[in-house]
Each structure stands twice: as structure tokens, then as C-alpha cells.
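Peer 1: Here's the letter readout for the chains.
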Amino acid sequence: MGFLHRHRNLTPYLLLAPGLLYLGFFFVVPLGFLAYQSLESGNFDIGYAFTWAWGNYWDAIRNYSGHFVRSLEYAGIATILALAFGYPLAYWIAFRGGRWKNLLLLFIVAPFFVTYLIRTLAWETILADQGPVVSVLRNVGILGHDGRLLATSTAVVAGITYNFFPFMALPLYVSLEQIDGRLIEAAQDLYASKWKAFLRITLPLSLPGVVAGTLLTFIPAAGDFINAQLLGSPQNHMIGNVIQSKFLELTDYPAAASMSFVLMAAILLMVALYARAVGTEKLTG
Amino acid sequence: MTDGLTRVQLLRRAAAGGAFLTVPGVLAACGGTSKKAASTTANQTLAKTLRFSNWTLYIDINGKTKRHPTLDAFKKKTGTTVQYTEDINDNATYFGKIQGPLSRGQSIDRDIIVMTDNSRYPSLLIKKGWVEKLDKSAIPNIKNLEPTLQHPNWDPNRDYSLPWQSGLTGIAYNDKLTDPVLTVPDLLENPKLKGKITLLQGVGDTMPLIMAANGDDPTKVTDASWNRAFKLVKKAVDSGQIRQFTGNDYSGPLAKGDLSACFAWSGDVVQLEADNKHLHWNLPKEGGGIWTDNMLIPKGGNVYTASVYMNYYYEPKVAAAVEDYVNYICPVVGAKEVLLKQDPSIAKNTLIFPTKAMLANAHNFDANALNNEKYITAWQNLISG
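Those protein sequence lines, which keep their order, are chains S and C. In this text, residue positions in the first sequence follow my numbering: the first is 2, and each later residue adds one. In this text, residue positions in the second sequence follow my numbering: the first is 774, and each later residue adds one.
Errors might be hidden in some of the hints.
[What the hints assert, rightly or not] Derived contacts from chain S toward chain C, CB cut-off under 10 Å, selection only: (1) Thr126; (2) Ala129; (3) Leu151; (4) Ser234; (5) Pro235; (6) Leu251.
[To be verified] Listing some non-contacts, in silico: residues in chain S with all C-beta distances to chain C over 12 Å: (7) Lys102; (8) Ala188; (9) Pro205; (10) Leu249.
It should be emphasised that the hints constitute simulated quantities derived from the structure, not laboratory data. Positions of the beta carbon are idealized from the N, C-alpha and C atoms, including for glycine.
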């Protein structure tokens, strides 16, 4: 106690230490190792050596630009869909949920007590060629007589949207829930229409939730490979599929590592553009 | 049952295994002393425990006690307890896990591991010097090894490996949705099957069938035969004939009717045919595939104890007891005769005890091709768009 009392200014650092150590060990060190690996050359048989092989990055971009673009595209569409579905839902629970709020939230989270993989496999059943969804779509003429959903980009995007939905819905709910209802009442007292009150009061106040939700959805979705693996055809594979095959099947660690960094850079760029467009202060409220 | 699922399971088990199974010190002396270990035929004393890593659901089990009768009998016979871990679900993932310690000369705390020769890893482990030679003086029962499995090109004299089980790769089809699909050209070119077929992800699983259909020898791959086979598959991918490349996750869609036909493993088909009488499976006439799961002793493992166990497994009676629970192909000659008395339905199932003609028509894939960087890179790029 005496020591801490004398060096009171150390306290915040001591409190920060566990978090920093954790990040250091489990994020910075592996990331550094990955960066080192991404600049190695050679192959698994003769071994890899560090040679500042920047060519790995060029190869990653040149050979797999299609996969990078597809990943960002699928993740982007899935994020927009999750927002479109999630916002009305979160809004309704926050303002109309009443005493059922907790139960309704549980319904959003409940599927996530089941493993990620099993959930994705469930979509294989839902979208099966002989299943109800496809047969309805065929009957109303949206799908051709021989059309299918599985092994198409639609199935992959649908899977990603579903799998990351709570990451969108929960932050939205939290930000909507915190809105002081009296502000909306005040707006209406001042002759704002319901729509106008929503646009001028509710939407701006919920933006931190929108920003947090989109980031939490978009970032992991862009690196996902399970949905593309199980619900897509080879033409729908994302960069995550390539990275995992490079790492595990081909033991081409430098290529896999450099692709991981390119993906990280691409995501950072997208996030930076997004943050610039909506303003970072929205994230912190 | 898919790659991804197995990976999740594997990670979970790896965490559990790390907590329970590390036996530090037992083999500490062996870590990194490869020269010494290579010449330890003199050390013929049994260890107290044999640490055996295998694939899931791959050994006899008593449904009630969850114990493995053949392993208990081994303990009774030799005094050695088998620490049996089902932590292999996928060759690539398991290799990824053990290659770190092995490359640093550290023990992986296992005496026997099991890897499939339709992947590049068994041959790679030998080439890298990461596995021990068997102590054949302790394995007289090696004489019971099925003749067609005695000389794979990656271990021509079985100095490092012994088969645990094998499996056949052929074509499965659903007779409600299609006429019989018996050949590879029919599968890849019949317009009625467009978008309704899958091939297997592993190059060593799919290519033997393709090459055999081309009239090429899958056990000796040349650039010319590779290019012919690759072009054929690529054409079917580009035209949309092939819907996906799968692990054994083809079984759900095949049973449900999303797939009309696909490449499939005999071991899965035993179960699928039992559940759904519309499903059929054949080795293509031009030739099918065969893969073998091989027991290997990783560096630092106890060679003598592992060899004694392998000898035990190669007793027809023991192999028969395992076979009664496992739907794959038994590599031990004589097990069939034992089972004919005990469980004739298994002994007569040609998916478990294939005929000589079937075995002669099933090809392994060239291990050199599995390790050819140019081929496997091209393959991975093909199956992931």
C-alpha cells in the first residue's frame, strides 16, 4: 500500500498492465511473427528463410485480387442486409418490447448457443434443392425450374448475414435503448412528424450503434471462409478459403501470411473510408 | 464431419489434450536425439504407457463402458496401458499441429499416429526424418499384411509404416434422380447431372479416378497425365457441372437428393446404403481409388512398445474385433475368416472385405505427385475458384 500511495501516478498503468500484456502476447507477438513469415521465401521441403521477399505481397494481390474483391463485396452486402433487418428489429424491441425485452433479446442470441458450424450446416438444409424455400421460389418463378440456392453467392451471403446478425443487432439495441423517450416527445410537441422525429432525434442518437454494428459485422465477415466452403461453389470462395488452403494444405506459410496482411490492409482501408464518411466520434457517442 | 467442424473439434481437443496428456519427462531424453533413437533396436523393454493418436470412431468400443476391449486386452497381455486419443480429424490440420515440435526436434508425446497416404504427409514425415523405423523383429505378424498394400511407393518396404485401415473411393448415385452413374466421363459430362455432382477436395482422393478414366496410371504421375486429368476437371468446374468439392460432407446432400451423384468413400457408403435404399456405390470400371491410413512412430516415440502393439493389431483375431466396429477395409489377412464365424454379415460385405478384383482395380495416388508443389498449388487454386 505504501508503495502505491507514494507512486500514485503508477496506478493507471498497473491497471492497464493485464490488458496490455494480453494484447502483447496474443496479438502483437503473433502479428510480428506473421509479418516476419510473410517476407520469407523458400518452400516447405527445403525450409523457409527470411529474405525480405516483398514479391509475396505482389503475388498475393496479382493472383488473388478476385478473391479479395469478392470477400469485401460479400461482407459489404451481408453488412447492409444485417443492418436493414437488424435496425427495425432492435428498434421494435427497444421501444415496444416492454417487459418482453429480455426474452426477445434472448431469441436473437439463442441460436448462438449452437456451434457456428452447425448453424451454417443448418442453412444447407434450409436452402436444400429439395427443401421448402427453393420449391416456393421455383413456384413463384423467382428461381427457374432447375434453379438452386445452394452453391451460389446468394447462399453464401445469406449465411454470412445470418451468422453475424447478433453483432449488428445487439449494439443497435443498446444504442436505441439508451435514447431518452422525452426527447422524441419534445420533438412531437414541437410539431415534428413521427418520421421527422425519427430522422432528427432517433437516428442520429443511434448512430454509435450503427457504426459499432457495421464494424463488428463487416470485419469478421470479410475474413470468413466457412460459409463459402459449405454454402458456395468454387466460384464463390473467399480470400479466407485461399488463406486456409495455403496455410494447411499447401504449407505455403509466406504466401498465406502475406495474404492475411493484404486482407488486413484492405479492411483497414474500408474502415478508414467509412469512419471518414460518418465521423469517428459516432463510435464513441 | 467437414474440414471446418473437425478443426473446431480438433482445437477443443487439443486444449483438453494439452491439459491431460502431457507426460513430461517420460520421453524428455528422446527429444532431439535423432541419431541415438535411430539405433535403439537394443532397447527392447516395454514402456508403461503407449500413447496412440487416432481418428475418431476408428476402433472397437463397448457402448456401455466406453472402453476399448482390444486395448484392455493388450494391457492384460503386456502390462502396457494404451493412452488412446481420438485427436486426428484431418491430415492437414494434424500435420500443422505436429510439424512445429517435430521440426524443432521436440517430442510430440505420441508413440503412434495415424495418417492417410492420399495426403502428402506420410511421405513427407519420412522424407523429413520425423518418424522412426519400425522394429520389425517385434512384428512377426507383418506377414499378415494384405499383399496389395505391401509396397506403396513412398515406403516400398514398409520400413516406417503399417496400415491401420483402408478405404475405397468410387462413385455414389441416387437411383431416384438419375440412371446409374458408373463411369467418370458420364459423371463429368452428362448434361442431366449438371450442378448435381461433387468431387472430393483431396487431390489424392479425386485424381486416381480421373486418371484411371483417362487410361493413365495414377500411381506414376507424369506431367502429361497430370495435365490431361487437370484439364478434364477444370472443364467440368468451368461449365458448372461440378457443384462443389467436399470432404465427407457430401453424405447429407446425397441422402437428401441435392446431389444426384458424387465421388464417395466406401466407409461412408456402408452407413448411407443402410439408411437409404436409393443410394448405390461402385468402383468405376476404369478404376477407382484406394487410400490407406498408416500407423507411424513419430520421432521420440517408443519404437519397441509401438512395434509390439502393431504386432498385436496384426493378429487376425484382434483385427477382426476392431473390424466388427469399423466400416473400413481391414488390411490384415485372416481377419475375414475369424469374422465369418462371428459376424458373417460383416465378413461378406465387399465394402469391408473387398474382392481381389476390386482391390486390383483400385489405385493409390503417386506420393511424388502429392508432394509436387506445382500440381498441388494448381489443384488448390482450382478447387477454391
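Peer 1: Next step is simple, just say for each hint if it's right about the structure.
Peer 2: The hints, checked one at a time:
The interface hint given for S/Thr126 is met, as the beta carbon of that residue sits about 8 Å from the closest beta carbon of chain C, less than 10 Å. Because the smallest distance between the Cβ of S/Ala129 and any Cβ of chain C comes to about 5 Å, under 10 Å, the interface hint for this residue holds. Interface hint at S/Leu151: satisfied, since its Cβ lies 6 Å from the closest Cβ of chain C, which is below the 10 Å cut-off. Of the supplied interface hints, the one on S/Ser234 holds, with its beta-carbon coming within about 6 Å of a beta-carbon of chain C, less than 10 Å.
Taking 10 Å as the C-beta contact cut-off toward chain C, the hint placing S/Pro235 at the interface holds, the least distance being around 4 Å. At about 6 Å, the closest approach between the beta carbon of S/Leu251 and any beta carbon in chain C falls short of 10 Å, and the interface hint on this residue holds. A cut-off of 12 Å between C-beta atoms confirms that S/Lys102 is not in contact with chain C; the least separation is 32 Å. Every C-beta of chain C lies more than 12 Å from that of S/Ala188, the closest at about 49 Å, which supports listing it as non-interface.
The beta carbon of S/Pro205 sits about 41 Å from the closest Cβ of chain C, which is more than 12 Å, so the claim that it is off the interface holds. Taking the minimum C-beta to C-beta distance to chain C, about 4 Å, the non-interface status of S/Leu249 is violated against the 12 Å cut.
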